[in-house]
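Between the sequences and the hints, there should be enough to build the whole structure, so can you do that?
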Amino acid sequence: MELIDFLGQNIEMVYIVILSIFVGVEVIGNVPSVLHTPLMSGANAIHGVVIVGAIIVMLNSSPDNFLALGLGSLAVFLGTLNVVGGFVVTDRMLEMFKKKK
Amino acid sequence: MTENIVHIIYLIASVTFVIGLKMLSGPKTARNGNLLAAFGMTLAIIATIVFHKGEVSGLVYGLIFGAIGLGTIVGWLTAKRVQMTKMPELVSLFNGMGGACAALIGLLEFEHNIGNATSIAVILTGMVIGSVSFSGSMIAWAKLNGKLRKAIRLPYYNILNTIILVGLVVYAIYITSSGTHSETHLYALFAAALVYGVLFVIPIGGADMPVVISLLNSFTGLAAAFGGFLYGNQVMLTGGILVGSAGTLLTFVMCNAMNRPLHNVIFGAFGGGGEAQAGAGVDGNITEVSPSDLAVQMNYSSKVIIVPGYGLAVAQAQHVVNELEQLLESRGVEVSYAIHPVAGRMPGHMNVLLAESNVEYEKLKEMEDVNPEFTQTDVVLVVGANDVVNPAAKTDPSSPIYGMPILEVENAKSIVVNKRSMNAGYAGIQNALFFNDKTNMLFGDAKKVLTELVSELKNMD
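Listed in order, the protein sequences are those of chains S and W. Take the numbering used here: the final residue in the first sequence is number 114, and no numbers are missing along the way. Take the numbering used here: the final residue in the second sequence is number 687, and no numbers are missing along the way.
Keep in mind the hints are simulated off the structure, nothing from the lab. We put the CB at the ideal spot given by N, CA and C, even for glycine. Any given hint could be a false lead.
To be verified - Just so you have them, the derived chain W footprint on chain S, three or more residues with Cβ under 8 Å:
| hint | region |
| --- | --- |
| 1 | 50-58 |
| 2 | 63-75 |
| 3 | 94-105 |
What the hints assert, rightly or not - Looking from chain W toward chain S, a few residues come up when the C-beta cut is under 8 Å (computed):
| hint | residue |
| --- | --- |
| 4 | Thr274 |
| 5 | His278 |
| 6 | Ser283 |
| 7 | Val396 |
| 8 | Asn443 |
| 9 | Leu468 |
The following block contains the structure:
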């Protein structure tokens with residue numbers, strides 16, 4: 014019963030989740046094995062979007078709670094590593110696939 | 227008004243993620259796809275900070291910008307400087323950072339949501355998945371860079387792990403349903419999840435790490451999605467779920483390439499001890515060949531196929547292999563590369579390495595296309611590959627790699643295998659190919675012996 018209420022109240026999110034699952038599967042449906050590593054690396058960078066959550070935590074925390082600020086800053090730092098490192102290393106891999114002149 | 231702007235920017239970012247992933251699946255569009263997704267991510271981050279409602283102190287802004295600045299510099303430099311052979315472990319490391327980020331969000335948001343069972347459930351789930359992904363990725367990282375070479379198996383590790391997993395779920399449910407939502411329990415759950423991540427990955431052999439990383443990658447995606455659910459934040463939700471589902475599919479695709487079901491990788495892993503007896507009956511005489519003899523043999527061949535493996539990557543021999551190819555082609559020898567789907571430490575790893583040394587994309591042939599060609603091949607040169615050319619995968623049902631599709635190099639007229647020693651491959655099993663009458667062994671560091679081979683070839687004019 015609680016579950017039904019929960020789904021009902023968040024039905025738009027549930028739609029996003031279900032449709033995103035299908036999109037995720039479809040979008041990489043027939044990727045050649047050559048590109049598995051760059052694709053995994055690119056996907057790795059995209060889940061760095063978790064940094065948005067870390068920023069929200071920071072923006073909502075009070076300026077005198079130093080433990081929360083410290084952990085929050087750490088979270089933002091780690092999220093940035095994931096995003097920047099992920100995209101840059103993917104770009105480096107793909108750069109090498111350029112055709113030889 | 228500002229709220230609507232944020233929503234629209236999040237929508238744009240989500241679309242760039244979808245299109246970016248789509249473009250990443252095609253060789254021509256891949257690079258732009260990655261840049262597009264990076265652009266969307268930048269937009270989402272800026273919008274989150276700029277359009278935030280409510281008072282925020284300067285200290286908080288300073289910390290945010292400081293952390294982003296520092297993370298950008300460290301991430302950028304690490305990614306730019308890493309050798310391409312070390313790339314798989316770097317992906318694992320970055321994945322772990324994302325998982326840790328999700329876990330920290332859970333730890334921090336817990337106290338703001340005490341009393342709200344739904345939010346607590348979402349927070350705990352995200353935190354547990356993020357923590358498992360973090361500690362698991364760290365173990366995978368240590369295994370890939372050789373710090374942790376052996377698979378460590380506790381007694382009854384499968385049962386033990388299952389009990390811990392069930393324990394985690396039950397404990398999380400208990401915390402959620404207890405009205406008090408005590409923080410002590412939160413930290414205990416956090417610690418237990420970290421331990422589980424370690425125990426989950428540590429029995430799995432190094433050869434299976436690509437599959438594990440791909441799986442943990444989709445875990446981190448899920449953890450991010452739970453964060454999105456907590457905040458009602460669509461871009462976290464779409465980004466996280468996209469990676470979660472695409473990553474899961476990719477994991478299965480990789481398992482298929484090795485012809486091993488996922489549960490086999492996780493529960494019945496090979497790749498480090500336990501299988502030592504397999505292939506023990508393989509024995510016989512090995513024949514060695516010198517670089518100068520091989521140079522003569524190759525010079526008078528009409529078709530040569532090179533099979534690169536991880537040994538090539540370790541020895542950094544990709545450039546000298548390319549030099550060898552150019553030299554042979556100039557003598558009228560047809561040269562191509564046979565790439566096994568799991569050659570190296572990650573699918574596609576070899577392609578990246580060879581592309582780095584300017585080998586043409588068209589010369590890299592996938593397994594299905596190249597297998598029929600071996601019968602017309604004069605010389606197959608196997609450089610630092612082992613399990614992917616082991617005929618036991620076809621002939622020996624007792625072999626742990628039985629059923630894995632392999633490159634059928636034994637059909638070629640002559641086979642030359644470059645290895646550093648007679649040690650067994652990553653799966654820890656002996657290879658009958660080395661004792662084949664048509665096989666000659668070329669011992670030594672790949673870069674060193676191939677350089678000798680190239681100079682011998684040059685001297686033959």
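Hint-by-hint comparison with the structure:
By the rule of at least three residues with a Cβ nearer than 8 Å to a Cβ of chain W, the coverage given for the region 50-58 of chain S holds, with 9 such residues. Counting residues of the region 63-75 of chain S whose CB lies closer than 8 Å to any CB of chain W gives 12, so the stated coverage by that chain holds, three being the minimum. Against chain W, the region 94-105 of chain S contributes 12 residues with a C-beta closer than 8 Å to a partner C-beta. That satisfies the three-residue criterion, and the hint holds. Nearest Cβ of chain S to the Cβ of W:Thr274: about 5 Å, under the 8 Å cut. The hint holds.
Hint status for W:His278: holds, given a least beta-carbon distance of 5 Å to chain S, under 8 Å. Residue-level restraint check for W:Ser283 holds (minimum Cβ-Cβ distance to chain S is 4 Å; threshold 8 Å). Checking W:Val396 against chain S by beta carbon gives a least distance of about 18 Å; that is not within 8 Å, so the hint is violated. Interface restraint check for W:Asn443: the shortest CB-CB distance to chain S comes to about 5 Å, inside 8 Å, so the restraint holds.
A cut of 8 Å between beta carbons decides the hint on W:Leu468: the least distance to chain S is about 4 Å, and the hint holds.
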